[in-house]
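K.L.:
Residues per chain are reported as follows:
Number of protein chains: 2
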Amino acid sequence: MRAGVIGIGAMGMGVAKRLLARGCAVSVRDVRREAEEEARAAGAAVCAAPAEVAAACPVVVTLVVDARQTEEVVFGPRGVVEGMAPGGVLVMCSTVSPEFSGPLAARLGRHGILALDAPVSGGPARALDGTMSMMIAGAPAAYDAARAVLEAISGRRFHVGTRTGDGSRMKLVNNLMAGINLAAACEGLVFGLKLGLDPRTILEVVSASSGASWAAGDRLPRVLAGDYSPRAAVDILAKDLGLALETGAAARAALPIGAAARQSFIATAALGHGQEDDAAVAKYYARVAGVALPAPERR
Amino acid sequence: MRAGVIGIGAMGMGVAKRLLARGCAVSVRDVRREAEEEARAAGAAVCAAPAEVAAACPVVVTLVVDARQTEEVVFGPRGVVEGMAPGGVLVMCSTVSPEFSGPLAARLGRHGILALDAPVSGGPARALDGTMSMMIAGAPAAYDAARAVLEAISGRRFHVGTRTGDGSRMKLVNNLMAGINLAAACEGLVFGLKLGLDPRTILEVVSASSGASWAAGDRLPRVLAGDYSPRAAVDILAKDLGLALETGAAARAALPIGAAARQSFIATAALGHGQEDDAAVAKYYARVAGVALPAPERR
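The listed protein sequences correspond, in order, to chains A and B. No gaps in the numbering here: position 240 of the first sequence is 240 in the numbering used here, and each next residue is one more. No gaps in the numbering here: position 7 of the second sequence is 7 in the numbering used here, and each next residue is one more.
If you're looking for bench data, these hints aren't it; they were derived computationally from the structure. Because the structure is a prediction, the values reported are computed rather than measured. Heads up, a few of these hints could be off.
[What the hints assert, rightly or not] These stretches of chain A come out as covered by chain B in the derived footprint (C-beta under 8 Å, 3 or more residues):
(1) 169-180
(2) 269-276
[Claimed, not checked] Calculated Cβ distances over 10 Å to all of chain A for the following chain B residues:
(3) 31
(4) 45
(5) 66
(6) 81
(7) 143
(8) 148
(9) 151
(10) 152
(11) 222
(12) 225
(13) 275
All C-beta atoms, glycine included, are put in the ideal place defined by N, C-alpha and C.
From just these sequences and the hints, can you work out the full model?
P.N.:
Take a look at the structure:
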C-alpha cells in the first residue's frame with residue numbers, strides 16, 4: 001500500500017502516522033518545514049511539491065485548511081494534477097463549500113483522476129489511532145480504488161452519496177447542529193449559574209435528561225475544568241458555521257438558529273478567544289451575564 | 001404507604017397507577033370526570049376537592065398544568081392547605097417559574113406543611129413504569145418525609161438544592177437546551193433535504209457524529225416516520241421556552257439562541273401545529289424552505 005498526505009497539520013499528521021503504522025509507504029508535503037521533519041522522522045518520504053507526492057502514490061489524501069488551499073495544492077503550480085497517473089484517486093478531506101467540492105469529480109476527470117469528497121470527524125487523536133469517521137461522496141469506482149486507504153485511516157465510513165459535494169453538504173449539516181448544540185449548552189450553563197445553580201449539578205442533570213447533546217457532554221467538562229486549550233478552535237467553528245449559512249443562503253434554506261449561534265462564536269472571538277477551544281463560547285455568555293466560570297484546575 | 005395525586009392528566013395518571021401498582025393507597029382529584037373514573041377503576045379513591053386528598057394523605061403530589069392551577073389547588077378554596085395535617089409534604093411536580101416555586105416552602109411552612117419543588121422528566125410511559133427522573137429541591141426534612149413516594153415513582157432523582165425554586169430553575173435550564181437542540185435538529189434536517197441529501201442518511205450520520213443530541217435521536221425518527229401524534233406538544237415547549245426567557249430576563253441572563261428557538265416553535269404553532277408533537281417544528285422549516293418531509297408510514 002502506498003499513499004500520499006498533503007497538509008500534515010494536526011489531522012493530516014495523525015493520518016500519515018496511522019498509515020505508516022499500518023505498513024503503508026507514505027509520501028507527504030506541507031508548507032511548514034517542521035511538520036515535514038516530524039513526518040520524516042516517523043518514516044514518511046518528504047516531497048518538494050504536491051505533484052511529486054501524486055507521482056509516487058495512486059491515492060492522495062488532502063487535509064489542508066480550506067478550499068483555497070485545496071485549489072492550490074491540486075490545481076496550482078506543481079499541483080496534484082501535474083503528477084498523478086490516470087486512475088489515481090484524490091481523497092479531499094477538508095471541510096469546504098459544496099460549490100467547491102461538487103465540480104471536483106468533473107474537473108479531475110479531465111485529467112483521468114478519480115475524486116472523493118470525504119470530510120472527516122473526530123479530531124487529531126482519532127486520526128492518529130485510525131478511528132475517525134468519514135462522510136464520503138463520489139463514484140463507486142473512486143471509492144473502490146481508495147478503499148484500502150480509507151479503511152486504514154477511519155473507524156467508520158458513511159457513504160453519503162455518489163456525487164462529490166454531498167460529503168461537504170453532510171459535514172455542514174452536522175456542524176450546523178454541533179455548533180448550535182454547543183452554544184446552547186454554554187448559554188444554558190451560564191443561565192443556570194446566573195440563577196445560582198451548581199455547575200457540576202447542571203452537567204449531571206442535563207447529561208441524563210432531554211437537554212443532553214454530544215456537544216454538551218464533550219465540551220461542558222472542559223468549561224467546568226477551566227481548560228480551553230484548543231482541540232477545535234472558536235475561529236474554526238465560526239468559519240464552519242459561516243460556510244453552512246452561505247450554503248443555506250445559496251440554496252434558499254433559512255437557518256435562523258444557526259445564524260444566532262454563529263454570532264455567539266463571533267462575539268467570543270471578538271473578546272479575544274478565537275484561538276481557544278470552542279468551549280470558550282461559555283466565556284462570552286459569562287461575560288455578558290456577569291457571572292464567574294470555574295477557574296482552571298491546578299495541575 | 002398512602003399518597004395523593006392532584007392533576008391526573010397523562011403524567012399524573014401514570015404516577016397514580018404506578019403508586020397503586022406498588023401497593024400504595026392512592027387518593028386523586030382532577031377537574032375532568034373521565035380521568036377520575038379511570039383512576040377509580042384502577043383502584044384509587046376519588047376525592048371531591050384537593051383538601052380531601054390532603055386530609056387523607058401525608059404526601060400529596062401535584063401534577064397540574066402550570067403555576068396558576070397549582071396556586072388554585074394548593075391555596076384556593078378547599079385547597080391542599082385546608083386539609084393537610086402539620087408535617088405533611090407537598091411534592092409540586094409542574095414546570096413553573098422559580099418566582100412561584102421559590103416562596104412555596106415559606107408559604108406552606110406557615111401551615112406546618114413541608115414542600116418539595118420537584119419537576120419531572122421522561123413522559124407518560126416512564127411515569128407509568130416508575131422510571132421518570134425528578135429534579136428535586138427542598139429542605140432535607142421534606143425530602144425524608146416524601147422519600148418512599150419519590151422512590152416509588154421515579155427511577156432517578158437529582159437533589160439540585162435545598163431551596164424550593166431550584167428544581168424549577170434546573171428544569172428551565174434543561175428545557176432551554178432541549179428546545180434549542182430540537183429546533184437545531186429540524187433546522188439541520190431540512191437544510192440537508194434542501195441540499196438533496198437523504199433524510200435517513202442524515203439521521204444516521206448525525207447520530208454518530210458531533211451533531212448528535214438526545215432531541216435529535218428521539219424526535220428526528222418521528223419526522224422521518226411522518227408521526228406527529230403528541231408525546232410533548234409544540235404549545236407546551238413554546239410555553240416552557242417562554243418561561244425560561246422570562247426567568248432569564250428577570251435574572252439578567254441573555255438567552256439569544258433560546259429566543260430564536262422559541263420563535264420557531266411559535267411559528268410552528270401559527271401554522272396550525274400547536275397541538276402536534278414538538279417534532280412538528282420540522283414542518284415549519286420545511287414550509288419555509290419549500291421542501292417535502294417524509295409522508296406518514298402506512299399502518
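K.L.:
Would you assess whether residue 225(B), listed as outside the interface, keeps its beta-carbon beyond 10 Å of every beta-carbon in chain A?
P.N.:
It holds; residue 225(B) is separated from chain A by about 19 Å at its closest Cβ, greater than 10 Å.
K.L.:
Checking the smallest CB distance to chain A, is residue 151(B) really beyond 10 Å?
P.N.:
holds, 17 Å
K.L.:
Over 10 Å to the closest beta carbon of chain A is the bar; see if residue 81(B) clears it.
P.N.:
Holds, since 27 Å exceeds 10 Å.
K.L.:
Minimum Cβ separation between residue 275(B) and chain A greater than 10 Å?
P.N.:
It holds; residue 275(B) is separated from chain A by about 20 Å at its closest Cβ, greater than 10 Å.
K.L.:
Is the Cβ of residue 222(B) more than 10 Å away from each Cβ in chain A?
P.N.:
Per Cβ check, residue 222(B) is outside 10 Å of chain A; nearest 14 Å; holds.
K.L.:
Is the nearest CB of chain A more than 10 Å from the CB of residue 152(B)?
P.N.:
holds, 20 Å
K.L.:
With 10 Å as the threshold, tell me whether residue 66(B) passes as away from chain A on beta-carbon distances.
P.N.:
Fine: 19 Å to the nearest Cβ keeps residue 66(B) off the interface.
K.L.:
Is it correct that the beta-carbon of residue 148(B) has no partner in chain A closer than or equal to 10 Å?
P.N.:
Holds, because the least Cβ-Cβ distance between residue 148(B) and chain A comes to about 23 Å, which exceeds 10 Å.
K.L.:
Check, residue by residue, whether the stretch 269-276 of chain A contains three or more positions whose beta-carbon lies closer than 8 Å to a beta-carbon of chain B, and give the verdict.
P.N.:
violated (count 0)
K.L.:
Are all beta-carbon distances from residue 45(B) to chain A longer than 10 Å?
P.N.:
The claim stands: residue 45(B) keeps its Cβ more than 10 Å from every Cβ of chain A (closest is about 33 Å).
K.L.:
So is the stretch 169-180 of chain A in contact with chain B by the C-beta rule, three or more residues under 8 Å, or is the coverage claim wrong?
P.N.:
With 10 residues closer than 8 Å to chain B, the stretch 169-180 of chain A meets the three-residue bar; holds.
K.L.:
Over 10 Å from every CB of chain A: does residue 143(B) meet that, or does the non-interface label fail?
P.N.:
holds, 15 Å
Of the hints listed earlier, the one the structure fails to meet is number 2.
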